[in-house]
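Protein chains: 2
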Amino acid sequence: MSLINSQICLKSYPEHLPTPENFALKQSTVDELNEGEVLCKTLFLSLDPYMRSQIAGRHITAPIKPGDLMFGETVSEVIETRSTQYSKGDVVRCMGGWQSYSIHNANELSAPILHPQPSYALSILGMPGLTAYAGLIWQAQPKRGEVVVIPAATGGVGATAGQLAKQAGCKVVGIVGSEEKRQYAINELGYDECINRNAEVVAERLDELCPDGINIYFDLVGGELLHQVSTRLAIGARVILCGLVAEYNNKERMQGPAPALWIKSRATVFGLVVYDFEPRRQEFINACLPLVEHGELKMREDITLGIENAPYAFAKLMQGNNHGKTLVKVVV
Amino acid sequence: MSLINSQICLKSYPEHLPTPENFALKQSTVDELNEGEVLCKTLFLSLDPYMRSQIAGRHITAPIKPGDLMFGETVSEVIETRSTQYSKGDVVRCMGGWQSYSIHNANELSAPILHPQPSYALSILGMPGLTAYAGLIWQAQPKRGEVVVIPAATGGVGATAGQLAKQAGCKVVGIVGSEEKRQYAINELGYDECINRNAEVVAERLDELCPDGINIYFDLVGGELLHQVSTRLAIGARVILCGLVAEYNNKERMQGPAPALWIKSRATVFGLVVYDFEPRRQEFINACLPLVEHGELKMREDITLGIENAPYAFAKLMQGNNHGKTLVKVVV
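Quick mapping for you: the protein sequence lines, in order, are chains A and B.
Going letter by letter, the first sequence gives residues 5 to 336 in the numbering used here.
Going letter by letter, the second sequence gives residues 5 to 336 in the numbering used here.
There could be a bad hint or two in this list.
In this list, chains with the same sequence are indistinguishable; a pair is considered to hold if it fits within one copy or across any two.
Said to hold, decoys possible - Each computed DSS-like pair below joins lysine-lysine, with the alpha-carbon atoms no more than 30 Å apart: (1) 69 to 268; (2) 170 to 320; (3) 268 to 92; (4) 320 to 268; (5) 15 to 268; (6) 268 to 147.
Bear in mind the hints are in silico, worked out from the structure with no lab data behind them.
Excised from the complex, chain A in its bound form (with noise of 0.2 Å):
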């Protein structure tokens, strides 16, 4: 067997937004496998802001430096396997990379997939759902009647976290881009409030919308924004680090908000890392299988086709212009 790989490589530092010329497409033969080792054919490959961060070199995993393949978590089919644990046409869920084809050690694999919608082990079942409720459920612990502002509301980790805060019946005011996402988010996700960020003031209608302050804040974006709400807590309230796209395209870190905002509020500010609840993995799975079932936890997927458009959906989910998790469906 005489396989051709399609792989994206980072080509060049971007300086600021990253475009597709940032990228290269390389191809290559795929090894032959040694003893223990799978190899795997990409699904699904999935793009999330955090690539921004490990190109910057600022992620806690390794950096991605220029002539290195891209990282990124795949659903990917085992088609060949020198191992007992797994067997062909198993679906996994694995660190696949920007690539149309990867050889792991069986232990680096997943348990298979078994439920019918494989991208969501990607997407509402995967990491970003298990960040929504690691740092919603396990972190804020929300309370009926609380106000939770969720800041990339439509996106992959955002739209959990708002479908869950209204399933713990919270008040779950989004934050968008536009006026497109704030409709899917109201009618489609069922946040009670949306803001444009890109029509509307943003701290005016924070104002208007939560009266008597802000309970939980689920930050995936840092910059301005987390000044802003951080002004606005109530007695209590609970804030989530956890991503920071406001700053991944620039040099240089941005400070946080005023400690003094935070005595003032007796707030309790976690620092989220979604691999410290790898562990738990199941757990989060058994809690919102069901819902996913039931319609009651949707996620609209923005899937590109093609391993070789990575770098463009890469640039579009860092502009925003995304809908939903973005994905890449690789076809062979």
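Let chain A serve as the given structure and place chain B on it in line with the hints.
Frame of chain A, contents of chain B only:
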């Protein structure tokens, strides 16, 4: 009875550090009591850094304006009563303010203080002690072997937190402003290590003393040190945001550390306001009184004589030239 009350009022806003000239002494006759009221003679007045924040109008309690009597907690003796709740000679804790006599509705006084050293109700067994206990024990929950860093390590809150952290089996590193305080922290309070920030490079010393990172930071100062510590947190660190001495004398609030630092360390950050823990004061006293009685929890008190000298004592406190908990002993 026609008693003369000496009162210290704010005269003018300090530009930066307060000086005695920012305050004025007023004298007046003590009023007659109404039904349900109690007349108290001040024994000890507590002076605390948060008062600088009240003068700046930024504290969560009411602001203090020129002409206003300075607020403050006191240990006072009941010398006249029109309430059945208290008897002459009772020693109580109350918000007596910077004055030699104060009149209160009986409901505003604490239960009579029974332990033999009443000034302790303003120091190790009072608000500074409760602050330290709430932040370190209830919020941060120290575990044996963890590394705890405490700035203002010999002040009222810091000294208590440091000793409690030692009791919990932690490695405790203090930061102080003089060699004399450094010696005191190590030799009397039992700190494992102590950094003199005016003689050593704090960041370098933290690297040497905490090679595996800092597990708990009890922040009493804010400012640049909070940034420096935040870059050195261990995974799962806890940060107690309690005081902002570094900025109390400034007109502007400083920004906080980059949120990325707290994400990276999966920190939990707690805003601490001691008033929230008032319902648990007895629990704290029950835990600490035996330690105080057995000499396992100590507090040096820096006592100035005479209410007229309170402005000098406060200026000295805000310059960091106090040695232990600052109190004024009122003599009439």
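Homomeric proximity label, residue 268 with residue 147: Cα distance no greater than 30 Å: both (21 Å within a copy, 27 Å between copies)
Is it within, between, both, or neither for residue 268 and residue 92, if the alpha carbons may be no more than 30 Å apart? neither (58 Å within a copy, 38 Å between copies)
Which holds for residue 320 with residue 268 at a C-alpha limit of 30 Å: within a copy, between copies, both or neither? The answer is between: 26 Å across copies meets 30 Å, while 39 Å in one copy does not.
I want to check one pair: residue 15 and residue 268. Are their C-alpha atoms no more than 30 Å apart within a copy, between two copies, both, or neither? Answer is between: at 27 Å across copies they meet the 30 Å cutoff, but 47 Å inside does not.
Residue 69 and residue 268: within-copy, between-copy, both or neither at 30 Å Cα: The answer is between: 21 Å across copies meets 30 Å, while 42 Å in one copy does not.
Checking residue 170 and residue 320: alpha-carbon separation at most 30 Å within a copy, between copies, both or neither? within (29 Å within a copy, 53 Å between copies)
When held up to the earlier numbered hints, the structure conflicts with hint 3 and nothing else.
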